[in-house]
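Hey, can you work out the whole structure from these sequences and the hints?
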Amino acid sequence: DHIRAISFTIADGQLPSNTGAGYVIRRILRRAVRYYYSYLAYQQPLLHQLLPVIATQFETVFPELKSQEAFVAKVIREEEEAFLRTLAKGLNRLDAYITEVKLSPWGGSFITGGDVDTNKVISDELKYSSQKSQKTISGPIAFELYDTYGFPLDLTKLIASEQGWEVDEAEFNTEMQKQKERSRAATAIDTEDWVVVNEGSSNEFVGYDSLEAKAKVLKYRKVKAKGKEAYQVVLDRTPFYAESGGQVGDTGQLAVGSRQYAVLDTKKENDLIVHILDEQPESLEGEVIATVDASKRKHTAIHHSATHLLHAALRNVLGTHVAQKGSLVNADYLRFDFSHFSKMTDEEIREVERIVNEKIRENIPVVIRILPKEEAVKSGAMALFGEKYGDTVRVVTIDPTYSVELCGGTFGQIRVSGFLGF
Numbered sequence: 049d050h051i052r053a054i055s056f057t058i059a060d061g062q063l064p065s066n067t068g069a070g071y072v073i074r075r076i077l078r079r080a081v082r083y084y085y086s087y088l089a090y091q092q093p094l095l096h097q098l099l100p101v102i103a104t105q106f107e108t109v110f111p112e113l114k115s116q117e118a119f120v121a122k123v124i125r126e127e128e129e130a131f132l133r134t135l136a137k138g139l140n141r142l143d144a145y146i147t148e149v150k151l152s153p154w155g156g157s158f159i160t161g162g163d164v165d166t167n168k169v170i171s172d173e174l175k176y177s178s179q180k181s182q183k184t185i186s187g188p189i190a191f192e193l194y195d196t197y198g199f200p201l202d203l204t205k206l207i208a209s210e211q212g213w214e215v216d217e218a219e220f221n222t223e224m225q226k227q228k229e230r231s232r233a234a235t236a237i238d239t240e241d242w243v244v245v246n247e248g249s250s251n252e253f254v255g256y257d258s259l260e261a262k263a264k265v266l267k268y269r270k271v272k273a274k275g276k277e278a279y280q281v282v283l284d285r286t287p288f289y290a291e292s293g294g295q296v297g298d299t300g301q302l303a304v305g306s307r308q309y310a311v312l313d314t315k316k317e318n319d320l321i322v323h324i325l326d327e328q329p330e331s332l333e334g335e336v337i338a339t340v341d342a343s344k345r346k347h348t349a350i351h352h353s354a355t356h357l358l359h360a361a362l363r364n365v366l367g368t369h370v371a372q373k374g375s376l377v378n379a380d381y382l383r384f385d386f387s388h389f390s391k392m393t394d395e396e397i398r399e400v401e402r403i404v405n406e407k408i409r410e411n412i413p414v415v416i417r418i419l420p421k422e423e424a425v426k427s428g429a430m431a432l433f434g435e436k437y438g439d440t441v442r443v444v445t446i447d448p449t450y451s452v453e454l455c456g457g458t459f460g461q462i463r464v465s466g467f468l469g470f
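Residue numbers (our numbering): 49 to 470.
Everything labelled a hint here was simulated from the structure, so no lab data went into it. Source: prediction; values computed, not measured. Beta carbons are placed, not taken as given, at the ideal position from N, Cα and C, and that holds for glycine. Treat the hints loosely; a few may be bogus.
Under the rule of at most 30 angstroms between Cα atoms (straight-line distance), these lysine-lysine pairs were calculated in the DSS-like manner [what the hints assert, rightly or not]:
| # | residue 1 | residue 2 |
| --- | --- | --- |
| 1 | 316 | 226 |
| 2 | 272 | 228 |
| 3 | 267 | 316 |
| 4 | 228 | 344 |
| 5 | 137 | 114 |
So the derived label-pair ranges between C-beta atoms look like this [what the hints assert, rightly or not]:
| # | residue 1 | residue 2 | range |
| --- | --- | --- | --- |
| 6 | 104 | 420 | 15 to 23 angstroms |
| 7 | 391 | 107 | 42 to 50 angstroms |
| 8 | 100 | 276 | 57 to 65 angstroms |
| 9 | 306 | 252 | 21 to 29 angstroms |
| 10 | 66 | 420 | 31 to 39 angstroms |
| 11 | 83 | 276 | 50 to 58 angstroms |
| 12 | 107 | 87 | 49 to 57 angstroms |
| 13 | 427 | 248 | 34 to 42 angstroms |
| 14 | 231 | 342 | 29 to 37 angstroms |
What follows is the structure, encoded as structure tokens:
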């Protein structure tokens, strides 16, 4: 049942991951790995070896599995190897937790033939339920198994229940919440109330066609992050691109009267484009001139265009299962995060580089069209998972047979792919 569920889902396009449906597949797989590791004393990848049997058995009802047999087997093997690297340590941690108080009911080590290391055990983590005769694995231990060793909570609960133990889920959830709060605290910003200068609840982005615009200040406020003060300013119209889709926000200048104020960054908040300044401008009631740093925008656009070429090349070399999962695009470099089940080989990397450079040398036109979203998707344009799109979208095409994507980023003067080589 485990191998069938895993293989069918992967063949249908869902790779194991740490979120959503992908995490369901990973949990099923890791539960199966633990079963054969503990009960069959088999400490090498096993599930992928069963795939040929499943693929042949269901060839007439699900031929997609047979046609992708090698690919699915490779994904499963990579997942097995990854979990097996931490499984023994996690089971050893449970052994140590029990052995420290010399109350182990497990009838031996979690690890077949393994020795128990109790050097790092926190002895007061073991407790008994005051209302039940069952022993309880504390929330901090369950969270450590999850966070450090990759044990899904349901796997820890299963291991515990097999021996009459239980897991303190409330404590586990508390630990999970603490982690989320620590993450939020690291990026927390103290903000003052907005000071309204001119009426208006929305602002217009004009930066696709222009790097400079006259505008009025709608509102501003003082903020403090990591001990540093800054000011956020909202204009009624702006050429500044707000950080989105991996592309960094624009920088530049805001001219107020005879003074120039540096715009250090541009963010988006509740659909408003917010400009970050290090000092509060004076006389905000009148007209201001917003000017984007043209050099930074140009080099950012070059790297942004390169992500489109790179994404398509990765799908050509590694397979169409590859999907963008994140990126960082700035004036100096690009970083591209994507889904794949194994580390790329040197040969694969060289082939991706070859394709991207080939497309640059071909000097392909970069065509941008505005289309209804439904029409764009039907035409084959790739939409990125997790991105929000409006009713109308920008479709960026670099060779209709190579790269067609929905994209809200800036390209500026990048009209042909050859521009990336300069």
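Next pair to validate is residue 137 with residue 114; report whether the Cα-Cα distance is within 30 angstroms. 35 angstroms, violated
Between the beta carbons of residue 83 and residue 276, is the distance compatible with 50 to 58 angstroms? Holds, since residue 83 and residue 276 (Cβ atoms, about 53 angstroms apart) stay within the stated range.
So does residue 231 sit 29 to 37 angstroms from residue 342, Cβ to Cβ? 36 angstroms, holds
Can the restraint linking residue 272 and residue 228 be considered satisfied, given a maximum Cα separation of 30 angstroms? OK: residue 272 and residue 228 at ~21 angstroms, within 30 angstroms.
Is 31 to 39 angstroms respected by the C-beta to C-beta distance linking residue 66 and residue 420? Hint holds: Cβ distance 34 angstroms, inside 31 to 39 angstroms.
Check the following: the C-beta atoms of residue 104 and residue 420 are separated by a distance inside 15 to 23 angstroms. Between residue 104 and residue 420, where Cβ atoms are some 45 angstroms apart, the hint is violated.
Pairwise hint evaluation, residue 316 against residue 267, where the allowed Cα distance is 30 angstroms at most: 14 angstroms, holds
Honestly, do residue 391 and residue 107 meet the 42 to 50 angstroms range at C-beta? Violated, at about 31 angstroms.
Could you grab the alpha-carbon distance between residue 228 and residue 344 and see if it respects the 30 angstroms cut-off? 34 angstroms, violated
Cβ distance range 49 to 57 angstroms for residue 107 and residue 87, holds or violated: Given range 49 to 57 angstroms: violated, Cβ gap about 30 angstroms.
Does residue 226 sit within 30 angstroms of residue 316, going by the straight-line distance between their CA atoms? Judged against 30 angstroms, a Cα distance of about 27 angstroms means the pair holds.
Is it true that the C-beta distance of residue 306 to residue 252 lies inside 21 to 29 angstroms, as the hint says? Given range 21 to 29 angstroms: holds, Cβ gap about 26 angstroms.
In the structure shown, a violation is registered for the earlier hints numbered 4, 5, 6, 7, 12, in ascending order.
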